[in-house]
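Student: Use the sequences and the hints to build the structure in full.
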Amino acid sequence: MQGTAMKNEKFLNATSIFRSQATTQTSSKSVRGESASPVKKNIKIKVESFNFYYGNTWALKNIQIAIKENNVVGIIGPSGCGKSTFLRCINRMNDIIKNTRAEGFIYIDGKNIYEKDQDVVTLRRDVGMVFQKSNPFPKSVFENVAYGLRINGVKDQRVIAQKVEKSLKDAAIWDEVKDRLSDSPFSLSGGQQQRLCIARALAIEPRILLLDEPASALDPIATSKVEELIHQLKKEYTIIIVTHNMQQAARVSDFSAFFMMGELIEYDATSKIFTNPSNKITEDYVTGRFG
Amino acid sequence: MKKNYVSQFIGFTFLRFCVFIVIGILLIILWDVFSKGACAISWEFLTKAPTNGMTKGGIFPAIVGTFFVTVITAALSIPLGMGCAIFLNEYAKDTKITRLIRMSIRNLSGVPSIVYGLFGVVLFVQILNLSTSMLAAGMTLGLMTLPWTITASEEALKSIPNSYREGSLALGATKWQAIRTNVLPYSIPGMLTGVILGLSRAAGETAPILFTGAAFFLPFLPKSLSDQFMALPYHLYIMATQHHDIEGVRPLAYGTALVLITFVFGMNIFSVVLRYQLRKIKKE
Chain R
17 MQGTAMKNEK FLNATSIFRS QATTQTSSKS VRGESASPVK KNIKIKVESF NFYYGNTWAL
77 KNIQIAIKEN NVVGIIGPSG CGKSTFLRCI NRMNDIIKNT RAEGFIYIDG KNIYEKDQDV
137 VTLRRDVGMV FQKSNPFPKS VFENVAYGLR INGVKDQRVI AQKVEKSLKD AAIWDEVKDR
197 LSDSPFSLSG GQQQRLCIAR ALAIEPRILL LDEPASALDP IATSKVEELI HQLKKEYTII
257 IVTHNMQQAA RVSDFSAFFM MGELIEYDAT SKIFTNPSNK ITEDYVTGRF G
Chain G
81 MKKNYVSQFI GFTFLRFCVF IVIGILLIIL WDVFSKGACA ISWEFLTKAP TNGMTKGGIF
141 PAIVGTFFVT VITAALSIPL GMGCAIFLNE YAKDTKITRL IRMSIRNLSG VPSIVYGLFG
201 VVLFVQILNL STSMLAAGMT LGLMTLPWTI TASEEALKSI PNSYREGSLA LGATKWQAIR
261 TNVLPYSIPG MLTGVILGLS RAAGETAPIL FTGAAFFLPF LPKSLSDQFM ALPYHLYIMA
321 TQHHDIEGVR PLAYGTALVL ITFVFGMNIF SVVLRYQLRK IKKE
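Protein chains in written order, with this note's numbering: chain R, 17 to 307; chain G, 81 to 364.
None of these hints come from the bench; they were simulated from the model.
Where hints are given, some of them may not hold.
[Said to hold, decoys possible] Straight-line C-alpha distance at most 25 Å; calculated DSS-like pairs for lysine-lysine:
{"#": "1", "chain 1": "R", "residue 1": "LYS155", "chain 2": "R", "residue 2": "LYS194"}
{"#": "2", "chain 1": "R", "residue 1": "LYS132", "chain 2": "R", "residue 2": "LYS62"}
{"#": "3", "chain 1": "R", "residue 1": "LYS114", "chain 2": "G", "residue 2": "LYS176"}
{"#": "4", "chain 1": "G", "residue 1": "LYS238", "chain 2": "R", "residue 2": "LYS155"}
{"#": "5", "chain 1": "R", "residue 1": "LYS114", "chain 2": "G", "residue 2": "LYS255"}
{"#": "6", "chain 1": "R", "residue 1": "LYS132", "chain 2": "G", "residue 2": "LYS255"}
{"#": "7", "chain 1": "G", "residue 1": "LYS176", "chain 2": "G", "residue 2": "LYS238"}
{"#": "8", "chain 1": "G", "residue 1": "LYS255", "chain 2": "R", "residue 2": "LYS155"}
{"#": "9", "chain 1": "R", "residue 1": "LYS114", "chain 2": "G", "residue 2": "LYS173"}
{"#": "10", "chain 1": "R", "residue 1": "LYS149", "chain 2": "R", "residue 2": "LYS194"}
{"#": "11", "chain 1": "R", "residue 1": "LYS250", "chain 2": "R", "residue 2": "LYS182"}
{"#": "12", "chain 1": "R", "residue 1": "LYS171", "chain 2": "G", "residue 2": "LYS255"}
{"#": "13", "chain 1": "G", "residue 1": "LYS173", "chain 2": "R", "residue 2": "LYS132"}
{"#": "14", "chain 1": "R", "residue 1": "LYS149", "chain 2": "G", "residue 2": "LYS255"}
{"#": "15", "chain 1": "R", "residue 1": "LYS194", "chain 2": "G", "residue 2": "LYS360"}
{"#": "16", "chain 1": "R", "residue 1": "LYS250", "chain 2": "R", "residue 2": "LYS179"}
{"#": "17", "chain 1": "G", "residue 1": "LYS238", "chain 2": "R", "residue 2": "LYS114"}
{"#": "18", "chain 1": "R", "residue 1": "LYS155", "chain 2": "G", "residue 2": "LYS360"}
{"#": "19", "chain 1": "G", "residue 1": "LYS128", "chain 2": "G", "residue 2": "LYS116"}
{"#": "20", "chain 1": "G", "residue 1": "LYS238", "chain 2": "R", "residue 2": "LYS149"}
{"#": "21", "chain 1": "R", "residue 1": "LYS149", "chain 2": "R", "residue 2": "LYS241"}
{"#": "22", "chain 1": "R", "residue 1": "LYS182", "chain 2": "R", "residue 2": "LYS149"}
{"#": "23", "chain 1": "R", "residue 1": "LYS132", "chain 2": "R", "residue 2": "LYS114"}
{"#": "24", "chain 1": "G", "residue 1": "LYS255", "chain 2": "R", "residue 2": "LYS127"}
Tutor: Below is the structure:
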């Protein structure tokens, strides 16, 4: 028991050291050919000739994309275009789906996560994910947020309580749940449940946050709260958000990627994608001519 | 439109009729056993051994025997069955072999209990040399309930939404952590219900224990696992068909049947209460 706690502290320290190293390393390099970006930032995720197959279906075709630190990237496209598949490749959640195959490279801080020696458990600690349908566990509100800490071996109740409070505050839900921490999460509203799931993902301090249509089941007020939250979170996290809602992509993201039929059609600054896209198909989609 | 309502009426009437038949049969059996067995039940009947060639006295050794054999059955069948179900549902890939294994398990639950009895004689009594004993009988019943335990446990695991597993994995849990902390706690009430129903069926079986350890009559209680024992279903079978004075011991036979039915009902009610309690704890 003692051993796991110590190991975990080491793990937490190791991550923070790794983080600072990664920043210094990449900042010393020049940012390559990113003329489109208004502010120069480090590249956090780099995807190169990435393909993904469900059995014989070619779901992602030769994806190239580079995502910068502390940016919000919106992924848009019609249903079945591979948006969610792409998202789930970044924390290798697709590994658990039978009969799938990935080819190519996804680098996070310069390390290919599809390398054989990559431990998926460590990867998923660093790359948090929030699912389309909010999925609180049937534990108390507090235990939901504490879950990630507990499975990662944090034993100290004080540390857990502090981190739970901080995560709930970061997810802008603390004021609404602070008096009902021991209640069931199913007594919360849909929007609160989704922010609880975001808090749960934040508790283990990931570096990247993947949001899979986080607001698709929410009403406009709850949606605006989640969007506001995304604005706040990008100070500390690199965020990739899949969305069906183009206004939402326009509102929250710095860059937008338009996917269709498993291909990345266009990737550029959001303002450009929505006002002056280079590709005719992108233009048709964002102006609502199809999809 | 009117025609539709007529056919609906006919359909519902038929379905209602089916329910009445089923419940009616059950009630007739219960009433029969109750009315004829209740007069045999007394403190002495429950706490004394049979005397005078089983024409007098009670059924205490049979109650004890059935209780302990059921415990042995549970000890074998619950860990093995749950473990097997967890492996099949959570770990095993969906291949031809696992499909074949699943199909075999389903088929095993349809094998007649006498076949299990004979198998138990060969495996436990002869090959493993356990002699006809409580252990051999309990293990035979354990094997018999395994397919039930596995199937019920697998169904309970299947009822846990996949989002619990995915949510847990996405937070950096290993597969085993996800299963242990976020799947098993919620599936255990369902598992237990199925398992206890299987056990209550085993408690009422005669054929598997007939050759593996149950005794016609013993003047003493079993002292260890390797002793023979008396059991309620076997005792009932003897009283009803093998006794030299079947008419004379009929009230005792009915009394035994009543005790056996109560034992089985008790287990089933226990499983319902247990599930209810566990659900309540979970919600708090």
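Student: Could you run down the list of hints and mark each one as holding or not?
Tutor: Structure-based check of all given hints:
At roughly 16 Å between alpha-carbon atoms, LYS155 of chain R and LYS194 of chain R fall within 25 Å of each other, so this suggested pair holds. Among the hinted pairs, LYS132 of chain R with LYS62 of chain R is consistent with the structure: their alpha-carbon atoms are about 18 Å apart, no more than 25 Å. Among the hinted pairs, LYS114 of chain R with LYS176 of chain G is consistent with the structure: their alpha-carbon atoms are about 14 Å apart, no more than 25 Å. Using a Cα cut-off of 25 Å, the hinted pair LYS238 of chain G and LYS155 of chain R holds, with the two alpha carbons roughly 19 Å apart.
Our distance criterion of 25 Å between C-alpha atoms is met by LYS114 of chain R and LYS255 of chain G, whose separation comes to about 15 Å. Of the supplied pair hints, the one linking LYS132 of chain R and LYS255 of chain G holds, its CA atoms being roughly 18 Å apart against a limit of 25 Å. Restraint check: the Cα-Cα separation between LYS176 of chain G and LYS238 of chain G comes to about 20 Å, which is no more than 25 Å; the hinted pair holds. Of the pairs offered as hints, the one joining LYS255 of chain G and LYS155 of chain R holds, with about 19 Å between alpha carbons and a cut-off of 25 Å not exceeded.
At roughly 8 Å between alpha-carbon atoms, LYS114 of chain R and LYS173 of chain G fall within 25 Å of each other, so this suggested pair holds. The straight-line distance between the Cα atoms of LYS149 of chain R and LYS194 of chain R is roughly 23 Å, inside the 25 Å bound, and the hint therefore holds. Of the supplied pair hints, the one linking LYS250 of chain R and LYS182 of chain R holds, its CA atoms being roughly 16 Å apart against a limit of 25 Å. Our distance criterion of 25 Å between C-alpha atoms is met by LYS171 of chain R and LYS255 of chain G, whose separation comes to about 20 Å.
Annotation: proposed proximity of LYS173 of chain G to LYS132 of chain R holds, straight-line Cα distance about 21 Å (limit 25 Å). Distance check on the hinted pair: LYS149 of chain R and LYS255 of chain G sit about 21 Å apart at the alpha-carbon level, within 25 Å; holds. For the suggested pair LYS194 of chain R and LYS360 of chain G, the alpha carbons sit about 23 Å apart, so the restraint of at most 25 Å is met. Distance hint between LYS250 of chain R and LYS179 of chain R is fulfilled; the C-alpha atoms sit about 19 Å from each other, no more than 25 Å.
Using a Cα cut-off of 25 Å, the hinted pair LYS238 of chain G and LYS114 of chain R holds, with the two alpha carbons roughly 17 Å apart. Among the hinted pairs, LYS155 of chain R with LYS360 of chain G is consistent with the structure: their alpha-carbon atoms are about 12 Å apart, no more than 25 Å. Of the supplied pair hints, the one linking LYS128 of chain G and LYS116 of chain G holds, its CA atoms being roughly 20 Å apart against a limit of 25 Å. Proposed proximity of LYS238 of chain G and LYS149 of chain R is supported: the alpha carbons are some 19 Å apart, at most 25 Å.
A distance of roughly 17 Å separates the Cα atoms of LYS149 of chain R and LYS241 of chain R; the hinted pair therefore holds under the 25 Å criterion. Of the pairs offered as hints, the one joining LYS182 of chain R and LYS149 of chain R holds, with about 24 Å between alpha carbons and a cut-off of 25 Å not exceeded. Taking the CA atoms of LYS132 of chain R and LYS114 of chain R, the gap is about 18 Å. The hint holds against a cut of 25 Å. Between LYS255 of chain G and LYS127 of chain R the CA atoms are separated by roughly 24 Å; this keeps the pair inside 25 Å, and the hint holds.
Checked against the numbered hints listed earlier, the structure breaks none of them; every hint is satisfied.
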